[in-house]
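Participant: Go ahead and model the full structure; you've got the sequences and the hints to work with.
Chains as they are written, first to last, in this note's numbering: chain A, 11 to 375; chain B, 1267 to 1638.
What the hints contain is simulated information worked out from the structure, not anything from laboratory work.
Treat each hint with caution, since some may be false.
[As the list claims (entries may be wrong)] For lysine to any residue, the following SDA-like pairs were computed, each having C-alpha atoms within a straight-line distance of at most 20 Å: (1) K370(A) to I1637(B); (2) K370(A) to R1360(B); (3) K1625(B) to G19(A); (4) K1625(B) to L91(A); (5) K1625(B) to K370(A); (6) K370(A) to P1634(B); (7) K1402(B) to P1389(B); (8) K1297(B) to S1334(B).
[Unchecked claim] Label pairs and their computed distance ranges (CB to CB): (9) T57(A) to K1496(B): 44 to 50 Å; (10) K1468(B) to E126(A): 57 to 63 Å; (11) P1632(B) to Q68(A): 35 to 41 Å; (12) S366(A) to E1460(B): 29 to 35 Å; (13) S75(A) to R1279(B): 51 to 57 Å.
These figures come from a predicted structure and were not determined experimentally.
The beta carbon of each residue, even a glycine, is placed where N, CA and C say it ideally should be.
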Amino acid sequence: MKALILVGGYGTRLRPLTLSVPKPLVEFCNKPMMLHQIEALVKVGVTQIILAVSYRAQILEKETSSWAKTYGIEIILSHELEPLGTAGPLALARELLISGSQSQPFFVLNSDVICEFPFDEMLRFHKNHGREGTVAVTKVDEPSKYGVVVFDKHSGQINRFVEKPKEYVSNKINAGLYLFNSAILDRIKPVPTSIEKEVFPFMASESQLYSFEMSGFWMDVGQPKDFLTGVGLYLGNLRLKQPHALLAPNADMSVIGNVMIDSSVVIGKNCRIGPNVSLSADVVIEDGVCVKNSVVLSGSRIRSHAWLNSCIVGWRCSIGQWVRMENVTVLGEDVIVNDELYLNGCRVLPHKAISSSVPKPQIIM
Amino acid sequence: MKALILVGGYGTRLRPLTLSVPKPLVEFCNKPMMLHQIEALVRCGVDHVILAVSYRAQTLETNIADWSEKLGVKITMSHEQEPLGTAGPLALARNILIDNQSAGETVNEPFFVLNSDVICEFPFREMIDCHRSHGKEGTIAVTKVEEPSKYGVVVFDQHSGEIHRFVEKPKEYVGNRINAGLYLFNTSILDRIEVKPTSIEKEVFPFMAEEGQLFCYQMSGFWMDIGQPKDFLAGMTLYLSNLRIKDPSSLCNESLYESSEINGNVLLHPSVSIASNCRIGPNVSLSDGVVIESGVCLKNCVVLSGSIIGSHSWLNGCIVGWRCHIGRWVRMENVTVLGEDVIVNDELYLNGCRVLPHKSLSLSVPQPQIIM
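Facilitator: This is the structure we're talking about:
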């Protein structure tokens, strides 16, 4: 079976992290974002994954090559010379998608999606209705921010899509996971095309599009605020499915709620860690530090008595003593924050040293 | 003769340009910043240039190999594992600077040290003469500025040039000659410096001045530290004015573009194309392959290679990065800087905007900010 992941371009919404590392390789709960998706696809029997990229990064190709060997699958890059939107890349990869297994449907994933990846159930559902396409949908609290899907409750047959509806239509949105028969490729040309606006409406009017109602958590983690929310949801799910992967309470520190740490992490005395925290490889947390709702990427050091809430700390950063950081502050790679500063909603580019407080949200370049 | 150029690290003050290209390679008036310095050094007899870097960039090393061959000069990288300040790098490069293996070279041959952001007329021969004349350990080039309180002011004897002291960003007036970031030292200075983070201005010069070993060379002509966008633009204006005097044929000749107006000093790469009814200049430099559509007004701007400026747009005081596309009827001003591959939609207004690479702007930005 095959899958196509819509990777896209420069990942600018996740800057400053993506100034150092291509978005698919940014670690989400201690595993590269893309690897979460790839592992789930491999589990359901996918043997060929096509990555639709509009920007080729050497380091991405090296990693995916390595993953392909590890999992015994093929990972191919399909490179768009101009951005082709959400449907165009499928047409570009037509030959790859059609070759070999014509009778098997293929998955298409939006690369920013994190969820339980119910690919087995989607496959069964798709084979059951026997039509051209299945779109996974998920329930959200604020549907007006997304693309809402209107469908028949019993059959799942999709009637229409409403983009960012002003009035309430439904609270089920397009989750960015699809399963298509190769016949869909006859509807798309390799030109900039939106699958939601230019392909789905036709399929829906021909009754060829069905929605698979997903349960469990879902998040598009393509920007910092949502990345952090996604971490909370993912760890909440781990608590149910694999509680031993989370940090257990222990005598040396206060562990609150769900916390995930790499085995090489060092945590000092009198710390309060959590809820919703993930600490990557070789992170050092000194004494008396409080970290909540935050992500700290590998090699970073948080010095004593610092307080972090709702932050993303990039790789190899150094946060000084008694520093207070909050409100979706994001530090790029190799940022130094001097002792005793206050950062509020600050986005700091790589290789910067911050020596004065930033009390109002801004970008430090 | 040798020279050491203090290149440093990530060039963050010149972001967003330096997010795409290492600072020494950013083109200043259509030539990489560092090449201005290296060519001037080669012209006065330097045959070995050492680059003190704290961050190694592949593209930089490729370009350097190229220049080395073309100019017939040896170029070596001296890589600091931790940033060593303004003096430490000299100690790190001690063995290269002292090396007297080459034919005809003596241990006493002085060497140049340059701050990589400096643009000026590079009066290296005159500095050598001045240095030989006073015969002491160090010569510092100084330049006259209008606002000395922003810089490091040098207090010296008007007749002999002997330096008494340095005053960093003086609150009261002490003089208007500042440290221009160009030095000539005897190798004995290396005995004063260890391989650790050291400031040459604070930890080395005061001792040399006390011993009567530090003299200044008073530079004339233009000077600028172009390490940040506002100064980069000011530096371009000074450089072009100097070109008007020294090599006027390199500036754009008004008669070349019959259907457009060329005002003041304008430097165009031969491959630039300018449509009709434009007003270009003063103080504009356009790089390789830039396309200016009809009715465009550009003043006090730099446009780097491959960019397109759409018709009827108006730009004043801007730096446009490589391969950008600016729409029609766009107005940009107040040190707006666009990184590589930025698209600005038609009819927008950008005021003091700094835009990171690969962004597309579809809304006006009326107040200065960074767009990431």
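Participant: All hints are to be evaluated individually against the structure, with a verdict given for each.
Facilitator: Going through the hints against the structure:
1. K370(A) to I1637(B): Within the cut-off at roughly 16 Å; holds.
2. K370(A) to R1360(B): violated, 46 Å
3. K1625(B) to G19(A): Holds, at about 11 Å.
4. K1625(B) to L91(A): Roughly 17 Å between the alpha carbons, so the hint for K1625(B) and L91(A) holds.
5. K1625(B) to K370(A): violated, 24 Å
6. K370(A) to P1634(B): Cα-Cα ~15 Å, so holds.
7. K1402(B) to P1389(B): holds, 19 Å
8. K1297(B) to S1334(B): Within the cut-off at roughly 15 Å; holds.
9. T57(A) to K1496(B): 44 to 50 Å: Between T57(A) and K1496(B), where Cβ atoms are some 56 Å apart, the hint is violated.
10. K1468(B) to E126(A): 57 to 63 Å: Given a distance of about 59 Å, which is inside 57 to 63 Å, the answer is holds.
11. P1632(B) to Q68(A): 35 to 41 Å: With Cβ atoms ~39 Å apart, the hint holds.
12. S366(A) to E1460(B): 29 to 35 Å: holds, 30 Å
13. S75(A) to R1279(B): 51 to 57 Å: violated, 37 Å
Violated hints, in rising order: 2, 5, 9, 13; the structure is consistent with all others.
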